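4 protein chains.
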Amino acid sequence: MTLKVAIAGATGYTGGELLRLLSQHPHVEVVSATSEQSAGEPLVHRLPSLKGYYDLTLESFDPKKIAEKADLVFLALSHTKAMEPARQLIDLGKRVIDLSADFRLRSAPLYERWYQLPHSRPELLKEAVYGLTEVYRSEIAKSHLIANPGCYPTGALLLLYPFLKAGCIDPSREIIIDSKSGISGAGRTPSAKAHFTEVNEGMAAYNVGVHRHLPEIEQEIRRIGQQKMTALFTPYLLPVNRGILTTIYLPLNEKFTQKKIDSVLDLYRGEPFIRRFDGAPNLSQIRGSNFCDIGAFATPSGRTAILMSAIDNLVKGASGQAIQNMNVMMGWDERLGLMSPGIFP
Amino acid sequence: MTLKVAIAGATGYTGGELLRLLSQHPHVEVVSATSEQSAGEPLVHRLPSLKGYYDLTLESFDPKKIAEKADLVFLALSHTKAMEPARQLIDLGKRVIDLSADFRLRSAPLYERWYQLPHSRPELLKEAVYGLTEVYRSEIAKSHLIANPGCYPTGALLLLYPFLKAGCIDPSREIIIDSKSGISGAGRTPSAKAHFTEVNEGMAAYNVGVHRHLPEIEQEIRRIGQQKMTALFTPYLLPVNRGILTTIYLPLNEKFTQKKIDSVLDLYRGEPFIRRFDGAPNLSQIRGSNFCDIGAFATPSGRTAILMSAIDNLVKGASGQAIQNMNVMMGWDERLGLMSPGIFP
Amino acid sequence: MTLKVAIAGATGYTGGELLRLLSQHPHVEVVSATSEQSAGEPLVHRLPSLKGYYDLTLESFDPKKIAEKADLVFLALSHTKAMEPARQLIDLGKRVIDLSADFRLRSAPLYERWYQLPHSRPELLKEAVYGLTEVYRSEIAKSHLIANPGCYPTGALLLLYPFLKAGCIDPSREIIIDSKSGISGAGRTPSAKAHFTEVNEGMAAYNVGVHRHLPEIEQEIRRIGQQKMTALFTPYLLPVNRGILTTIYLPLNEKFTQKKIDSVLDLYRGEPFIRRFDGAPNLSQIRGSNFCDIGAFATPSGRTAILMSAIDNLVKGASGQAIQNMNVMMGWDERLGLMSPGIFP
Amino acid sequence: MTLKVAIAGATGYTGGELLRLLSQHPHVEVVSATSEQSAGEPLVHRLPSLKGYYDLTLESFDPKKIAEKADLVFLALSHTKAMEPARQLIDLGKRVIDLSADFRLRSAPLYERWYQLPHSRPELLKEAVYGLTEVYRSEIAKSHLIANPGCYPTGALLLLYPFLKAGCIDPSREIIIDSKSGISGAGRTPSAKAHFTEVNEGMAAYNVGVHRHLPEIEQEIRRIGQQKMTALFTPYLLPVNRGILTTIYLPLNEKFTQKKIDSVLDLYRGEPFIRRFDGAPNLSQIRGSNFCDIGAFATPSGRTAILMSAIDNLVKGASGQAIQNMNVMMGWDERLGLMSPGIFP
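If you read the sequences in order, they're chains A, B, C and D.
For the first sequence, UniProt numbering gives the first residue as 1, with consecutive numbering after it.
For the second sequence, UniProt numbering gives the first residue as 1, with consecutive numbering after it.
For the third sequence, UniProt numbering gives the first residue as 1, with consecutive numbering after it.
For the fourth sequence, UniProt numbering gives the first residue as 1, with consecutive numbering after it.
So that you can see chain A by itself, here it is in the shape it has in the complex (with noise of 0.2 Å):
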């Protein structure tokens, strides 16, 4: 049996590294790559890492036209570009994986709020689920619209979302979210917060406190936890290609040992793409992986515990989540095209 998917935007970064993961999917034939700047040429002029593997000539992106070839499509564009192709796919029975920011928040105020624009098409919000897929995976099973959650957001959530459960976080103090990200994740469109030089051999924070990824994350935290919780959140650019480092100071509404943090961990036994560690983990180990790779300390006081986790921001952070949701809508093993370990050294 074979998924015929189009990738619209397939010459980003999280275009280029669907089509990377997707060469290795059994049952997946990717029948259309669009790109507005370079419609008309190979695909593989613009990911000459891509050459043998795909003979696409690059397309404009025209919904109906690709509902015609594709029955999944992947949106990987930038925000607001994909309220109307996803309701036209959507409306021509096609199954849609939005790798945008335009159906995460479930309020169309809020996003509004935040990306300062209007929210064409409010009406999916209600439609669409949040794809973190461990997190909601009887829901995406059901879906026809996957809102793939940001990348700081999945790094934070995955470490969060146990003792949400558990319900051990107290509300009174701020969770502290401190993340640390690889350059690809500001794009492939030159700008000077990605030139080399700038960044090279440089750390900084940027968007202090008001980094559009901070209410996905309060949202999230508030509708899991069922109750009002504040994050600060600190983004940072790190010179590496890829990777985010998610350190959280986890306010706790009682003392916490290390044993009783490992408990709270254990809910994640099973899971495919989680790994816990004794020690800290690191980005070189889940480099081009869709491992989420964990590790949690307890403190003196035992009122806040240190939780980290390291993930590549364009694979469980942006298109291997994506296709791990495309294996659990189409009834999958999630780990189809997604089995090959990080790249070390």
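Hints listed in this document are in silico derivations from the structure and should not be mistaken for laboratory results.
Careful: at least some of the hints might be erroneous.
[What the hints assert, rightly or not] Restricting the straight-line Cα-Cα distance to at most 27 Å, the calculated cross-link-like pairs of lysine-lysine (DSSO-like) are:
hint, chain 1, residue 1, chain 2, residue 2
1, B, 193, C, 193
2, C, 165, C, 51
3, B, 260, D, 51
4, D, 259, B, 51
5, D, 193, A, 51
6, C, 51, A, 260
7, C, 193, B, 51
8, B, 259, D, 51
9, C, 51, A, 51
[What the hints assert, rightly or not] Far from chain A by the CB rule (all over 10 Å, computed), these chain D residues:
hint, residue
10, 3
11, 4
12, 81
13, 114
14, 115
15, 119
16, 142
17, 223
18, 231
19, 239
20, 268
21, 336
Since the structure is predicted, the reported quantities are computational estimates derived from the model, not experimental observations.
Glycine is no exception: its CB is placed at the ideal position from the N, C-alpha and C atoms.
Chain A is fixed; fit chains B, C and D onto it per the hints.
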């Protein structure tokens, strides 16, 4: 007037950095440079960037012989190696600036607990002045033995000092210190933790909760702040050559607006090496310089402030601060030898 | 059908890369992994990226015991360490693929001159097949002992092979080989030459004119080309984890246009792991893959061609080529276990 | 005595580097810094590393207004932008050091062929002195218009100059120049070729055989060497911030031993910024400094020499050499403002 100085441990990174900076100092002549492993070799064989600046041949370290040539000795040795030479050099009437950890902790039992070794010269702990220049300037001016601060403590304490002075920290919550260091902090001796392919394109925390700079930080927090406060300290290795980026989540005992934070930081007005920025400081702007660049952010609750500092771990975090202390000891302009801006890019 | 293989020297970079790649091979089971330093430890302690893929405990290397479990053994040991085990394993009827230099040079005296050590098993030099797959495929298929090529020789010889076959090189001028290697080529043992802060943001040639891969290259040039030709070989360490970029300035015995160069390279049509590009190949497009990407340029005089290849030194330059050779020996599709494209970015 | 200087194009990397170096110059005051995009902004907003060194507000570039304030103007603009301002400033009696390519080629038709644009001020080509200080020092001292050399030509010509003077190059073979540049050579304007994730962990040649620095190199080779000689020039982008490592394979017209090579290089005795090393020079030893470090190797045949140089492309390859030229023009010690050693690590 020329001061004759010697550098014990000249071929490590802090020794090399002393030599680089002192080559620009108008009142200093380096009369001796030691290395146990390379004694007999020309200095510039081990430090080719300094070719043309120094004609010295590396010597084995003999405090008595050094004392015949030099008036001030920088000890850039590994910990425990500085105790006896410091005693000898002081007895011979020399000034000593020690860049190791041997005289930083004021309590010998505390040293022994964290370094797992007896302290052979506990009587010097009382004489030694902790060389955080901006805090202990007047004591430094009168001292003959400086315990030059650790790199992480420098980046953290310079952020905390104004708030400790202002008495506005809430001692019931932990001070969270999340600190990312370039690899030169691991020294010049080959090791797995600084092997290129082990750390490049990666990032991880290490020694979570058990790093030896934690007691140094807590000692100074409590001494300056005059009450018991607790810190959580998480250090990371970052794949850049130089720099420490420290973020502190500071618990405040009342609501702080941005304005109030700024007014606390006004304490640093006129400090030649502290620069205040509106945004987040970047490691790329202090590379090779003695600056400590600072940013500070209020949060929605007002009960936590987010503070950030960027220093070059080899300059302000080690050799630059050592030279600044030497300048203070000699009654010179504090900036001598330290006037170059950072190298960007 | 499943082949049982063992890896001697599993915790170095080529050993780890064999394990990474073999985890994706449909017909191979790794039954043993050895390490002298870490014997008794779980394999994944030393290679955390492989957690979930292997349950092996590292063993000390005992050829007899290994031979009881495995049918083919990869020797990923340092040079001189492979001679005796190869003898033993062959005598026990096993296939051996040696990734060290021990069987690459066909002449024991030549080996002894360059490696400054006697060769204890010169009789095996005649049996060993030089495992440059594209050149010696039919011999490899019949062999039980493969001398897997060095990383630099692989990148250089794959460029030279078509021109050597075409007989168009001018032997009166030197073949100039300028070859830039990522740091993983220096191995996993900590050393000054691979210490992060010594090599990051730097670049330099090393062993100019005296690198041990020079006699290996010259041996094959002369053997394939059937006449005496001389190479100048300049290797460099480049601050990246993986990859060798080789540029050859090739002296031609007649005027060559671009078209004529292209027609010589047509020899590679149909080769699964050689990709020809119109422009210059980039290390970023073959990272983690078994490809050798090639570019070639005519010059105004036509008497010199500029050839370039990009390989991943750990894959096509070592472990990937070793697996390709295993596939050839077993009569399998040469691409098994090697089908992933490179990771970009 | 203080010279008033202006910098046109102050926010690019060569402009910023002029400012960094001039901050250490005892006889220079920077009275104006221009930027079209950031006119009206404080200079330190664009160059935060210089905070505390300059109080300037960026201006739009108006040659007449600049001429009222400054006696010497550095033009750090992109090519074609320097022609008219140079004319105006010279007519107003000012000295001009142009860091663009506009006055480097002595022939307007040659310029027009390589830059695909007419040269509007061909009469200035005769007046301009090519600012390769070590070669044209006496002409520079008398000039009012300096064409500061390109970064690649500087690294290559400083290697070739002594051999050209010695008349020992074989003109029947090509001079092969293989030159690896850090990314700052691509400038500060965001572009795909300098986008972090496109170049980090990669390396590739570009503009093979068609780079605009080739005619500049060939012009000077022929002029200094007084005969027709041909070069093959291959530039690469290397994932480091700064530095050009140039290797030249030099065809010699007779057999050269190491000793004979060394004696040719003795020409540089006494040069303050040329350092000769026995081994291969490393980019890490000249970072941020004005040195050109040189290594040279004989080969078995003796008919080819291997020459290597390491320069910082922004210093000796641009702004440092420009300041060196200014010092020569002013009759000052050539080293003023350029006395710092490189930053290592």
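Structure-based check of all given hints:
1. B:193 - C:193: 15 Å, holds
2. C:165 - C:51: 45 Å, violated
3. B:260 - D:51: 24 Å, holds
4. D:259 - B:51: Cα-Cα ~22 Å, so holds.
5. D:193 - A:51: The given pair, whose Cα atoms are some 20 Å apart, holds under the 27 Å limit.
6. C:51 - A:260: 24 Å, holds
7. C:193 - B:51: 20 Å, holds
8. B:259 - D:51: Holds, at roughly 22 Å.
9. C:51 - A:51: 30 Å, violated
10. 3: Fine: 29 Å to the nearest Cβ keeps residue 3 (chain D) off the interface.
11. 4: 30 Å, holds
12. 81: Given that every Cβ of chain A is farther than 10 Å from that of residue 81 (chain D), nearest at about 21 Å, it holds.
13. 114: 25 Å, holds
14. 115: Check passes; 23 Å lies beyond 10 Å.
15. 119: 30 Å, holds
16. 142: 36 Å, holds
17. 223: 33 Å, holds
18. 231: Non-interface label stands for residue 231 (chain D): nearest chain A Cβ at 28 Å, farther than 10 Å.
19. 239: Not fine: 7 Å to the nearest Cβ puts residue 239 (chain D) too close to chain A.
20. 268: Consistent with the label, residue 268 (chain D) stays out of reach of chain A, its closest Cβ about 30 Å off (over 10 Å).
21. 336: Holds, because the least Cβ-Cβ distance between residue 336 (chain D) and chain A comes to about 27 Å, which exceeds 10 Å.
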